[in-house]
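S.K.: Residue-level listing of the chains:
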Amino acid sequence: MLFTDRIFFVLLAATFAFYYLGRSTVWQISVLLIASLVFYAYSQPYLLILLACSALLSTVTSYQVERAQGDASRRAWAIAGVMINLLVLAFFKYDRLFAATFLAPHPGGFLGSLLAIPLPVGISFYTFHGISLVVDVFRARAGGQTASPLGRERGFLDHSMRTFVYLTFFPQLVAGPIIKAKDFYPQMHARLFRDIHWYGVVKALIIGFFLKSVVADNLAQQTFLLQPPYCYSYSALNLAVILFAYSIQIFSDFAGYSLIAIGLARLFGYALPDNFRFPYIAQTFSEFWTRWHMSLSAWLRDYVYYPLGGNRKGRHRTYVNLLLVMTLGGLWHGAGWSYAIWGLWHGTALAVERAFRATRFYISEAFWAKLLRWALVFLVVTLGWVLFKLPDFTQVRELALVFWQNRHMKFAVGSAFQIFAYSFPVIAYHLLYKLRANPPGPVASLWSMRAEGPLLGVMLGVIVLQAGNPTPFIYFQF
Amino acid sequence: MQRPLLPIFASAALVFTAYAALVQLMPFTIEKGQNQGDTNMIRAQDYLANPVSDTVLVGSSLTFRLPPPVLGPRIANLAMAGGAPATGLALIERSNARPRLVLVEINLLSRPADMAPVQSLLRFPERQLHGSLRAFRTGYDPVNVTERGIQALLHKSDEDLVPPPDAIHRLIANERQIRSRQPDADQLRDNLAKTAALVTALQARGIRVGFFEMPIDSSLTDLPAEKILRQQVLQRFPANRFCWLKLSVMGGAHTLDGIHLMSDDAALVARQVVHQRGTCLKS
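Just so you know, the sequences run in chain order B and A. Quick note: the first sequence uses the working numbering, first residue 1, plus one each step. Quick note: the second sequence uses the working numbering, first residue 1001, plus one each step.
Next up, chain A with everything else stripped away, as it sits in the complex (with noise of 0.2 Å):
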């Protein structure tokens, strides 16, 4: 004899009504996720759910510490960790999002745009089902949820881990190595010409765009990689046509691993982002 399937789906339709009800009355919103991938999505799916920020930049991991509170309301940081500016910009041209300006990092344009989260979160029914219920959107799981609340409760925030001094040594030394090489010429080009083309369209939307570079360590900022990508970029999107911010920290940046900046830094460069901003929206 058969056993019923009742049971089954019948608590699991229970187990998830209670839980959605639960995070969608909830008084508080879910800004970070369990890890860089899953805070990725939370940024861009509360852009896309509610796309009011004048100004949205777009980049690596190294603009993607850049802390929200720090750039305000009016600036979304939709940089994708471990990801590519192109993915970012890839993302508010396929999204019938309008900011007043797009603000690209330049440090990482060598990588291709990675469509997968892009597609993710505008394809039917994702993107309307991230819009309606909480429980569908990144970053409200139960874990996710759990371990917020705990650190709400302690106030207690996520810090950044620091390696000691000689693993920082290594991960620099290790960039150097990285960034001594010649980069592929044919990929870059390439890379180049698919910003260039998705920068054509944004401005056509009325959209301005702006570039600007991420301090990183002193040591790696003139090796080859970084002044052909630099000088490439520089020829593709100059000056005189295009807003450029100007980046720095004064005595050098202080960094986790030679790129990304510890938090104090971070916070310095997104002031200096939020100050000068306002010279693209008139340029």
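Just chain B, with the same shape it has in the complex (with noise of 0.2 Å):
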């Protein structure tokens, strides 16, 4: 089920409705598991099985780190808990790769019905949730502290409710933002109808939506075109432009997938971590994955980034976490090489940005050199970026090679007035953003808390007027 689909707009009015019907905790955490449960088991359902198991041993592990009287029991939940959550992604995600990789191309019999089962949505988001639970549990308990990160709870049965809730929580369930367990259960409790901060929600729903259903879902209708054969139709300097489109449209697309989820989860009184902060204003790789999917990045420096050693054992084995949990990172978006390299890419350049940031190049606080900083950010991010469009190699080679006979062929006027158009409003909230530290006079009053409303009305009547094919979010595919 898509958040742009008319079957989720009645599952949210009736979940809605329901939610604010009663003014206990279990009732309301028993309206939002079953509607998780089917907004979840809507297009697949036999993949609720597995999202039923795997939230059941997170359920198990985490409890029994929670209650366990010694260290060695609990490191061993801990360590059961975690191992489990790996595994269940391993299996049900990297199976495939792992065949095309290490086995035959299409193996047959049990082995070929395995790799036949689809990957299950979600699966990268309430595995590493599983995992957050049972870590943050854990270290809670290892390092003394007396309450609980979970908050106070009654026995097996409401942790059970508490924990599907957590990890099949609707409006984050398939693409995040990824929220800790100790950001979370603290948030479970009884919610009263008067205290909806509408004027938050409405805020995050239409900025939201415009940037999916304006920005992305239009950009999509030229991105396509970066895959053979289409490329080969267009002129390197139009290709440069779409794949500049690109680096919009999965902005868009993901960022405007996480407000809706923070804004609807504040609609049922939860707030979730901000996972994008104007990332491509960012002038060094370090500060670009302190602003994109941020949620994300966080998850990974404090799960596997620090306990790894982090930069506390010396500059190479600094290098050599970065390139680790880069490709790591990379690899948990995608089930292919391609991701790898990816990951590898950006792992890279923080560690090349890491070696050099005591020269001039980052130090300087001239304009040029901080212009200078933010095209090369902007450039590799971009270039990476086509790993994700193009995930086979052989494509890849073919949109260079594209790139590179059609040097000289016509720029197509209209396609890049399109680009331009959907991009801009993209481009003018970076830049205001990047203004708005420093006002001039004119962008300080467009941006004022009286202009907001209106200016979110315009966004909401271009929402309606300017809307295009509805097209999946790409993390979901993750």
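Incorrect hints may have been included.
List time: in silico DSS-like cross-link candidates among lysine-lysine, alpha-carbon distance up to 25 Å [said to hold, decoys possible]:
#1 K1032/A with K1156/A
#2 K410/B with K1032/A
#3 K410/B with K370/B
#4 K1282/A with K410/B
#5 K1246/A with K1282/A
#6 K1194/A with K1227/A
Think of the hints as simulated: they come from the structure by calculation, not from any bench.
Once you've looked at the hints, go ahead and assemble the two chains, each given alone in its own frame, into the complex.
M.R.: See below:
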């Protein structure tokens, strides 16, 4: 089910009505749980079995970690919880990659039927939530905290209900933002209708739907042209513009989804973490990763990079850690070597940047230096998206060839005009933020709180008039 | 304290009303979208809102390229770029349109109908909104209206994006590879049976149905996939029971990629359709 499907709005309305009918925590989390399971089961009901099994295992292991008396037993349950989630992820997400790399291309028999199971939607997110749950409880207990990060619970059944809601909460079930257990569980208490922050809900939903329906869905009609054989008909300059458009599209698609998720969660009184903070103004790669998919970056930092030693074990070990974490982060996005290479691409950029961070290029505050740093980051990031758009290496090679062969072809103005028109709001969104830090007169007044309401209204009007054909969210495939 | 929502909804209503009034009063109509999918929708919505053409072409992107100005007002081109002939047939069958003649492209009859656009065109309230307000119709969105307006002011039109010769050779080689394979016999039989059911339903409403094959690159015409398809379609819809147009380009078709005609050849074939459709109407 997509957030743009009609049926989703029916489910949302019913969930909202039932949720605020009752005033007890048990009633409200039961309503959320049922709605989340319906949401997940709507397209592929049989995948609900896997989700339920995975959630049950996370429930049992986290419950045991919470209640274990000895360190050894607590550690054993925590390791079991993490391993189970990793195995579920490995088995259902990376099976095809493993088979394609190490076995026959199309194995038959039992193995063939196992490989025919489709990738369970949202598996990357709910397994990461499961790991976060077990690790957060373990760290709190091992650190000697008396207060549980899960709040006050009443036995296994209560813990199960809460854990199932945490893992299946429908606004963020299939594509995040990834929220840590210690930030989610304390929010599970009864809510009142009058406490809804309507302005915040409406603002997040309007900006989210605008980015998704107006920008990303319309740009999707252009960016498919990067794929061979469509790219054969376009000049190298047009293809460069389309690649730029993909950079805007992937941001709008995912940031739009995240904002819709944040708005929907707010409707039920839950605060999800921000996932994007104007990433394309970044002047360094490390800054980019504090602005892009922030919840994943934070997850990888807290649960992988720091445990590996982070930057505390010397320069060379830091580089290795960066490469390793980013490659794993790449593989998390998709079960293909191109995603691993995309991660390695970013890991290398981070490592190189770290090696040269004391040079004049990185410490200069001159305008040209900032501009060059920004251009370098944007160019490298945009080139990296090719591996997202074309996960097949032969297609990447083909596109590179077409760039060369079509360098003298006529520039198609129409395509570029559309790309500019749909990209403009995203460019303006980033520029306004940049200028807001040091606002010159007219821009400050445009972005003032008084202007915000009418501006959101214009965006709502444009959503009605200019929404593109709905396309699945790019991150749903991960 | 809650911030007011009224400014948001009031300005949204204002923006929508002002724009809807503007496009409703605009002295020209929009015939092209920002992409082929949008143009499919524009043509279909135009036809459903005002089904005056007595002949309708249904097909794929091959027929989509036949230019409406050459076909004239009596022939509507409902071929779906990126789609299948069966989609257009299903659209006519499910709507209450009653053309005198429906001409079906056979080149991609092996593709099943895509019911998503048919449903979105015919369901409530979309169909009623498309018919009543231009602002709700495909193509009348701000970006497309601006682009078409600029084109009209500059007297420019969209031109074919012709790939370089070596790219065309690669595309043709790719098509040759695809068409050298045997088609999936079960799928072909199934799709032809569904097409036959749609044809029978149209005939039952007094609509004549004819067929045609779009010219493609001469090196592709006799490959196994093409031959088998042609043979099976002729068995299902024999020339003694159905009208067949004979479309060709003297000296061989000039294509962008082996199957899509270049503009000049597309116009030539469109003229042949105009001339030959009379025989189907009489037969």
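S.K.: Hints first: check each against the structure and report whether it holds.
M.R.: How the hints compare with the structure:
Only pairs whose Cα atoms come within 25 Å are accepted, and K1032/A paired with K1156/A is accepted, the gap being roughly 13 Å. Distance check on the hinted pair: K410/B and K1032/A sit about 21 Å apart at the alpha-carbon level, within 25 Å; holds. Among the hinted pairs, K410/B with K370/B is inconsistent with the structure: their alpha-carbon atoms are about 34 Å apart, more than 25 Å. Between K1282/A and K410/B, the direct Cα distance comes to roughly 46 Å. Violation of the 25 Å bound is thereby established for this hinted pair.
Proposed proximity of K1246/A and K1282/A is supported: the alpha carbons are some 16 Å apart, at most 25 Å. Of the supplied pair hints, the one linking K1194/A and K1227/A holds, its CA atoms being roughly 20 Å apart against a limit of 25 Å.
This entry does not satisfy hints 3, 4, going by the numbered hints stated previously.
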